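Participant: Chain by chain, the residues run as shown.
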Amino acid sequence: MDSAILSLLGAFLLSIIGLFVFIWSLRKGLLVENPRAASAIFARGEIGHIDDPALGHAGQQRFQAAATEPGDSGHLPDAHEIEDRIAADRSSAFPVFMFIAFACMWLLFGGIAGLTASLKLHWPDWLVSEAWMTFGRMRTVHLTAVLYGWITNAELAIIIWLMPRLLRRPLIGNMWIMMGGALVNVAIASGIGAIGAGWTDGLEYLEMPWQIGIFFAAGMVCIIGPVMYTLVNRKVESLYVTTWYHTAGLLWITLLFIVGKMPGVHFGVQQAAMNWWYGHNVLGLWFTPVAVGAIYYFLPKIIARPIRSYNLSILGFWTLAFFYAQVGGHHLVGGPVPGWLITLSIVQSMMMIIPVLAFSINMGLTMRGRMRLGMYSPTLRFMMFGGFMYLLSSLQGSFEALRSVQQVAHFTHFTVAHAHLGAYGFVTMVLFGAIYFMMPRIMNWEWPYPRLISWHFWLASIGIMIYFVGLTYGGWLQGLVMLDETRPFMDSVAVTIPWLQWRSVGGALMVASHLVFVFHFLAMAMRFGPNRAGAALFATQQP
Amino acid sequence: MENEAKLTAGAMVTFAIAVSALVILPYVQVRDVKAPEGLKPYTSAELRGRASYIANGCVYCHSQQPRSESFAPDAKRGWGRASVPGDYYYDKPHLLGSMRTGPDLMNIGVRQPSKDWHLGHLYQPRAYVPGSIMPPYPYLFDIKDKAEPGEEAIKLPPGYTPPGKVVVPTPEALDLVRYLQALKRDYPILPPEPQEATGAKTSSVAPAPRPTPAS
Chain A
1 MDSAILSLLG
11 AFLLSIIGLF
21 VFIWSLRKGL
31 LVENPRAASA
41 IFARGEIGHI
51 DDPALGHAGQ
61 QRFQAAATEP
71 GDSGHLPDAH
81 EIEDRIAADR
91 SSAFPVFMFI
101 AFACMWLLFG
111 GIAGLTASLK
121 LHWPDWLVSE
131 AWMTFGRMRT
141 VHLTAVLYGW
151 ITNAELAIII
161 WLMPRLLRRP
171 LIGNMWIMMG
181 GALVNVAIAS
191 GIGAIGAGWT
201 DGLEYLEMPW
211 QIGIFFAAGM
221 VCIIGPVMYT
231 LVNRKVESLY
241 VTTWYHTAGL
251 LWITLLFIVG
261 KMPGVHFGVQ
271 QAAMNWWYGH
281 NVLGLWFTPV
291 AVGAIYYFLP
301 KIIARPIRSY
311 NLSILGFWTL
321 AFFYAQVGGH
331 HLVGGPVPGW
341 LITLSIVQSM
351 MMIIPVLAFS
361 INMGLTMRGR
371 MRLGMYSPTL
381 RFMMFGGFMY
391 LLSSLQGSFE
401 ALRSVQQVAH
411 FTHFTVAHAH
421 LGAYGFVTMV
431 LFGAIYFMMP
441 RIMNWEWPYP
451 RLISWHFWLA
461 SIGIMIYFVG
471 LTYGGWLQGL
481 VMLDETRPFM
491 DSVAVTIPWL
501 QWRSVGGALM
511 VASHLVFVFH
521 FLAMAMRFGP
531 NRAGAALFAT
541 QQP
Chain B
1 MENEAKLTAG
11 AMVTFAIAVS
21 ALVILPYVQV
31 RDVKAPEGLK
41 PYTSAELRGR
51 ASYIANGCVY
61 CHSQQPRSES
71 FAPDAKRGWG
81 RASVPGDYYY
91 DKPHLLGSMR
101 TGPDLMNIGV
111 RQPSKDWHLG
121 HLYQPRAYVP
131 GSIMPPYPYL
141 FDIKDKAEPG
151 EEAIKLPPGY
161 TPPGKVVVPT
171 PEALDLVRYL
181 QALKRDYPIL
191 PPEPQEATGA
201 KTSSVAPAPR
211 PTPAS
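Which chain is which? The protein sequence lines are A and B, in order.
Those letters in the first sequence? Residues 1 to 543, per the working numbering, in order.
Those letters in the second sequence? Residues 1 to 215, per the working numbering, in order.
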């Protein structure tokens, strides 16, 4: 059959199904707003009471004064529910601290490895005497350290911390989680060592040798068990959207990793298709859902207003689950893989606009008229920045998947810039914000030097912007030269050099921000700065 | 729809759909691909070289997938005809790559068959290609006073050999060059189905003398 007829038929069937889904959702009352579900993150009477543990006492009062709106009650939140929350926080404190500590270590290490790799691209004769220093290994060490070391550890910390909070019960099975965390980090450390020594599976994003990968998968299973057990023994009636994203993300990454790492199964171009299915899904089904789930919790929690539309957030979840899982094939546009696979992935990449808009509209409406609150709360600033970068990088990604754009952008630094916008501008900034929120609760201690949080924010955000803008422009020029058959290939190298240098400048700022952040973390872990009496209770901070 | 069974089941269903579409279906579709007649299996030395190519991360800057002429002027750059699944029959793991910081290497053995060039270029790329940003690989070479019997010093352009010394490739460097020289997909391939061969026509520069499929 003709492909045109097939696609028309497909569109027809899809719209019929869409119609039925619409009718079904009307009947189920899903289009009616559900403010109770959206308020599940608050105790009774908590709405209107801002919550930013990263602020000192004076800062909290300023923030509260700015955030108070007409109609807010002066009552304190329900004390019993707050006590439950404190118990939940206490139950998870130790494993969460462990994950954050590992994450900080890998962030520092991975960032420095990344900066080294970046410098090597314009100083090619720098650090070449030993095999482990060469660009191909240094860059892979960077990737493994930041993707598996930093983002994965930090996201596990957020999941483990939010699960008991949202389920309103103490965490079950801490020892299993700690063991899982130890296994995961042993795998990451061994994987990085192996890559440095030249032992790698050779697939992008899946370099860690599969023998070491077994430890990673086993660690994830050890973590999933207690999380699921806590989930089924929950004390809340309905699950908040964050729990949806986090539980699904945890299951997805584990299965992804197992499917991707299966030794001896994948071959030839099928392996390439699998490789990019995995590569994109690490971002799409692990980094993104956990970070989006974190924004869905922290952003409304900080400003003390429920998200505007709970149903929109659920729509975002299911469309993300369906569309994002299939977008990986667009990495092989123009390559020797079946054409239908690439077309499917391009279509699903465009469909990703739906969950991204669902998220952005929801956050936009929640924040409407409250954007200025970002001036009072550094944690909120990280969340807002991350949320906005999610919109930007996802929209960019959707259009980047189109053949006409890929023709220029594929195989160039443009793609690298895009990957960093997603993994750093969006995910990492959200993780920073979440850690600033969580740590005072975990340690019962204030951040010793609050000004450093602002330094961190500005260094990191200016760094990633320089990185992204410079490399995007340079990558596009590179792609145009490569497509121009009258120009020699070496022109496409020469044209990128100034932009590669700008990338190193941006990268250096980012590494500087990590130094500030990790120093601050260590200072807090060693209990520098002012003491905070008792559990960090926001209720005692009321004016 | 607020319970964990639906959450887990739903997440698994969407995941299963994606696995079927992007992993299992391609597996079924290319499972029966045969090696083209002109493609030779790698020798053990070439496989050692390939392992070295992987260990040193060459794939992060060099793709191995020339695209069709309708898409990019790869053939005109001498990178070869658009590749087909059969070309990768002996490739475990695949090395298609995702960056072209350096040129595509699918047919580097056709374009640059010289062993001396490759060895010297690995030792110091800028001795051969001014403006190159490829790292040199001095750890694949030994610098000695003179070559031992059975060893052969590489011939570098003037000014690149350390004074009074010779540069001798390690066995790893020799294997790597053997692998690079073996990267030749200049044999003809028949289009899998005649009606699919509409996209690209082979140019005079491309090594393959026959029309190739577009995808």
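To be clear, the hints were calculated from the coordinates, so they are not data collected in a lab.
Mixed in with the good hints there might be a few duds.
Here are the simulated distance ranges between beta carbons [as the list claims (entries may be wrong)]: (1) B/Gly38 / A/Leu8: 37 to 43 Å; (2) A/Thr486 / B/Pro36: 30 to 36 Å; (3) A/Gly264 / B/Pro36: 45 to 51 Å; (4) B/Ile143 / A/Trp340: 19 to 25 Å; (5) A/Leu515 / B/Met12: 37 to 43 Å; (6) B/Glu151 / A/Val265: 17 to 23 Å.
A few chain A positions that, by computed beta-carbon distances, are all more than 12 Å from chain B [said to hold, decoys possible]: (7) Trp252; (8) Pro289; (9) Gly374.
Predicted model, so just to flag it, every value in this text is computed and none were measured.
For glycine and all other residues, C-beta sits at the position ideal for the given N, C-alpha and C.
Participant: Going through the earlier hints one by one, which of them does the structure break, listed in rising order?
Facilitator: Failing hints, ascending: 3, 4, 6, 7 and 8.
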